[in-house]
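Visitor: All chains should be built: construct the whole structure from the sequences, respecting the hints.
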Amino acid sequence: MSCIAAQSLAKSYSGIAAVDGIDLTVQTGQIFGFLGPNGAGKSTTIKMLTTLVMADAGNLSILGIDAAKSPLEIRKRIGVVLQQPSYEPTLTVKRSLEKYGMMWDVPAQLRQERVRRLLADFDLTEIQNKRNEDLSIGQRRRVQVAREFMHDMDLLFLDEPTVGLDPAVRKRLLDYLKDRAGAGLTIFYTTHVLSEAEYICDKIAIINRGKIIAVDSPEELKRRFGQEKTIKINIAERDERIRDLLEDITDCRVEFDSGTEVTIRSEQSSAVLSRIFGILKENDIEVEELSAVPTSLEDIFLKVVSDAPDS
Amino acid sequence: MHPIVRLVNRNLTISLSPGFLIWQVIFPLIYIFVAGFAYTSLIDRVPFGGRDLDYPAFLATGMIGFNIMNSTLVTGIIIWNDRRHGMFEQIMSGPFTRFHYILSSVITQAIVGLVSAALIAGMGYLVYFDQIEFNLSTVPLLVFAAVIGSVLFGSIASIISTRLRTSEGFNVIINTVFLFFAFVSTAFYPAGGAPEPLSTAFYLNPLTYLVDVIRAGIFGDVTEFVLVEMAVLVVLGLGLFVTATRLLTRLDF
Numbered sequence: 001m002s003c004i005a006a007q008s009l010a011k012s013y014s015g016i017a018a019v020d021g022i023d024l025t026v027q028t029g030q031i032f033g034f035l036g037p038n039g040a041g042k043s044t045t046i047k048m049l050t051t052l053v054m055a056d057a058g059n060l061s062i063l064g065i066d067a068a069k070s071p072l073e074i075r076k077r078i079g080v081v082l083q084q085p086s087y088e089p090t091l092t093v094k095r096s097l098e099k100y101g102m103m104w105d106v107p108a109q110l111r112q113e114r115v116r117r118l119l120a121d122f123d124l125t126e127i128q129n130k131r132n133e134d135l136s137i138g139q140r141r142r143v144q145v146a147r148e149f150m151h152d153m154d155l156l157f158l159d160e161p162t163v164g165l166d167p168a169v170r171k172r173l174l175d176y177l178k179d180r181a182g183a184g185l186t187i188f189y190t191t192h193v194l195s196e197a198e199y200i201c202d203k204i205a206i207i208n209r210g211k212i213i214a215v216d217s218p219e220e221l222k223r224r225f226g227q228e229k230t231i232k233i234n235i236a237e238r239d240e241r242i243r244d245l246l247e248d249i250t251d252c253r254v255e256f257d258s259g260t261e262v263t264i265r266s267e268q269s270s271a272v273l274s275r276i277f278g279i280l281k282e283n284d285i286e287v288e289e290l291s292a293v294p295t296s297l298e299d300i301f302l303k304v305v306s307d308a309p310d311s
Numbered sequence: 001m002h003p004i005v006r007l008v009n010r011n012l013t014i015s016l017s018p019g020f021l022i023w024q025v026i027f028p029l030i031y032i033f034v035a036g037f038a039y040t041s042l043i044d045r046v047p048f049g050g051r052d053l054d055y056p057a058f059l060a061t062g063m064i065g066f067n068i069m070n071s072t073l074v075t076g077i078i079i080w081n082d083r084r085h086g087m088f089e090q091i092m093s094g095p096f097t098r099f100h101y102i103l104s105s106v107i108t109q110a111i112v113g114l115v116s117a118a119l120i121a122g123m124g125y126l127v128y129f130d131q132i133e134f135n136l137s138t139v140p141l142l143v144f145a146a147v148i149g150s151v152l153f154g155s156i157a158s159i160i161s162t163r164l165r166t167s168e169g170f171n172v173i174i175n176t177v178f179l180f181f182a183f184v185s186t187a188f189y190p191a192g193g194a195p196e197p198l199s200t201a202f203y204l205n206p207l208t209y210l211v212d213v214i215r216a217g218i219f220g221d222v223t224e225f226v227l228v229e230m231a232v233l234v235v236l237g238l239g240l241f242v243t244a245t246r247l248l249t250r251l252d253f
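Sequence order for the protein chains is A and B. Take the first sequence: its position 67, counting from 1, is numbered 67 in our numbering, and each next residue is one higher. Take the second sequence: its position 33, counting from 1, is numbered 33 in our numbering, and each next residue is one higher.
No lab work stands behind these hints: they were computed from the structure. Don't be surprised by glycine CBs; every beta carbon is placed ideally from N, CA and C. Careful, some of the hints might be misleading.
[As the list claims (entries may be wrong)] Partial list, derived from the structure: chain B residues whose beta carbon lies under 8 Å from chain A:
no., residue
1, N9
2, T13
3, I14
4, S17
5, P18
6, H85
7, M87
[Stated by the list, open to error] Between beta-carbon pairs, the in silico distance windows are:
no., chain 1, residue 1, chain 2, residue 2, range
8, A, R180, B, V139, 50 to 58 Å
9, A, D152, B, T249, 26 to 34 Å
10, B, L29, A, K178, 51 to 59 Å
11, B, V25, A, R180, 34 to 42 Å
12, A, E298, B, G19, 30 to 38 Å
13, B, T166, A, S2, 41 to 49 Å
14, B, V232, A, R180, 51 to 59 Å
15, B, V25, A, P89, 21 to 29 Å
16, B, G19, A, E126, 33 to 41 Å
17, B, G169, A, P89, 14 to 22 Å
18, B, V234, A, M1, 52 to 60 Å
19, B, V234, A, Q83, 39 to 47 Å
20, B, H2, A, A168, 39 to 47 Å
21, B, N171, A, M54, 33 to 41 Å
Guide: So, in structure tokens, the structure goes:
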């Protein structure tokens, strides 16, 4: 069942298209990654999906509810962690969780239980009596994410939730989100850290210049766009001839560092590699180490975005 | 619980800090009991409604209006802080509408205004108890003043908070505007003895109308002019409220 269904969704500001007729389908229980370079239209899309701004054109259904007709009904069933910090400066961590639960009409007893659990789950117990204005950026971000779990929801929007978090806390948060998704929560997730998206997302959409340019699972994206392989060759001794020797090889890009490492990127890596080995052997250049670098989502992202047409 | 009640609860929680309570209680007390009695060497009696009032009694009733106005600063500060710290957008992405947000601000300021007025009226009673003309209109007039004063000055504070983004700008403008309202009014001194341009300026200021209504209620002198002042307050208050609501409705994310 579709949790988010958008058709031809568009939004312009001062005549400039921020989002240009996108189609999106997110299934219930999925963690859906939404990636794109700065200014690609991610935030505008999220604002439309969370009903903060209305689309200029297109159809949008969230949790089966028409966003144009009943935005409040949608907002009652979603959680939103915005990209920008949001906090009550004078409240303590504990009090801000309690008050947020109250704002969502969570019964008092349940509120107390959730506060206790979230303080522990998000490692906030030690700072529970600190005021929000006295927290570090990372601590404040943790409170902001934890706070959203004070209320029940069917769909959670997370806009770069790990900004300012250290790697250990980030990992814990990602695992926590995976657990929640495993329990049935649908998550719409944006990030600039592509390894995070690869780790957590079932499906990924890449947006650029207001248009969706790729949608698939991380594995399928790699299969489709990751035919180019990266191979690193380390030669035993620095040899000034190598640059001239490998310069004319076709069907590949060859990069040299200043020392003994050569990086080759090619979609016909076997054939190219065979030619390179031939040349190195003819010239008595000894190979010390050979390694293949796996294609990462970051490589795919950069390729898809750079290959996308300008308009 | 209704969404507006939840937002009012939240507004009161975040705004009732010790600093605000000191500002709301200690400051008027100093005015009434220190300035009020100290200035009696300069202003002994103040003519009002065909009789003379003690200056401390005159000042204490003026401080009720002054405090209602001051209490509405809380609305401007809440809205401004919500925008600055991302809570406006966060609230709007939750189970609330802009109408809920605006109405909760009005109710918050009305509650703070009423409590504030009651507090100062109670403390001021010590200095005007022998001159009070308590009648059926006293309490209704005080409640009217607290509510309409809260809406009127709260709307002004809201308008300022929607227009300014920097803390310096917000503080300078709101303090300047409220300082003007406080001192170019009859809250602290009567219009009668002031130079002509100044006494005219007093009546271009809604705080003057507000304290006139409060004094009419407490000292039992409801004239036709006071009724006109009440009508002006209602019209101005509603006009400013509509303007503030429109500005809040148009706030971008």
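Visitor: Could you run down the list of hints and mark each one as holding or not?
Guide: Going down the list of hints, with the structure as the test:
1. Below 8 Å, beta-carbon pairs count as interface contacts, and B/N9 has one with chain A at about 6 Å; its hint therefore holds.
2. About 6 Å separates the beta-carbon of B/T13 from the nearest beta-carbon of chain A, less than 8 Å, and the hint is met.
3. Taken as an interface hint, B/I14 checks out: its beta carbon lies about 5 Å from the nearest beta carbon of chain A, inside 8 Å.
4. For B/S17, the suggested interface contact is upheld, since its CB lies about 6 Å from the closest CB of chain A, less than 8 Å.
5. A least Cβ separation of about 10 Å between B/P18 and chain A goes past the 8 Å threshold, and the interface hint is therefore violated.
6. For B/H85, the interface hint holds, since its Cβ comes within 8 Å of a Cβ in chain A; the closest pair sits about 6 Å apart.
7. Because the beta carbon of B/M87 sits about 5 Å from the nearest beta carbon in chain A, less than 8 Å, this interface hint is met.
8. In this structure the hint that A/R180 and B/V139 lie 50 to 58 Å apart at CB holds, the actual value being about 54 Å.
9. As the Cβ distance of A/D152 to B/T249 is approximately 29 Å, the hint placing it in 26 to 34 Å holds.
10. At about 58 Å, the CB distance of B/L29 to A/K178 agrees with the hint of 51 to 59 Å.
11. Roughly 47 Å separates the CB atoms of B/V25 and A/R180, a value that falls outside the hinted 34 to 42 Å.
12. Hint check: A/E298 to B/G19, Cβ distance near 49 Å, so the stated range 30 to 38 Å is violated.
13. Taking 41 to 49 Å as the suggested C-beta distance range, the pair B/T166 and A/S2 conforms, at roughly 44 Å.
14. B/V232 and A/R180 have their C-beta atoms about 57 Å apart, which keeps the hinted 51 to 59 Å range intact.
15. Range check, B/V25 to A/P89: about 23 Å between beta-carbon atoms, so the 21 to 29 Å window is met.
16. Distance hint check for B/G19 and A/E126: the Cβ-Cβ separation is about 27 Å, which falls outside the suggested range of 33 to 41 Å.
17. For B/G169 and A/P89, the Cβ-Cβ distance of about 18 Å falls inside the hinted range of 14 to 22 Å, so the restraint holds.
18. For the hinted restraint 52 to 60 Å between B/V234 and A/M1, the CB-CB distance of approximately 53 Å keeps it satisfied.
19. Restraint check, B/V234 to A/Q83: a C-beta distance of roughly 43 Å satisfies the suggested window 39 to 47 Å.
20. Look at B/H2 against A/A168: about 42 Å separates their beta carbons, and that is inside 39 to 47 Å.
21. The supplied range of 33 to 41 Å is met by B/N171 and A/M54, whose beta-carbon atoms lie about 34 Å from each other.
When each numbered hint is compared with the structure, violations occur for hints 5, 11, 12, 16.
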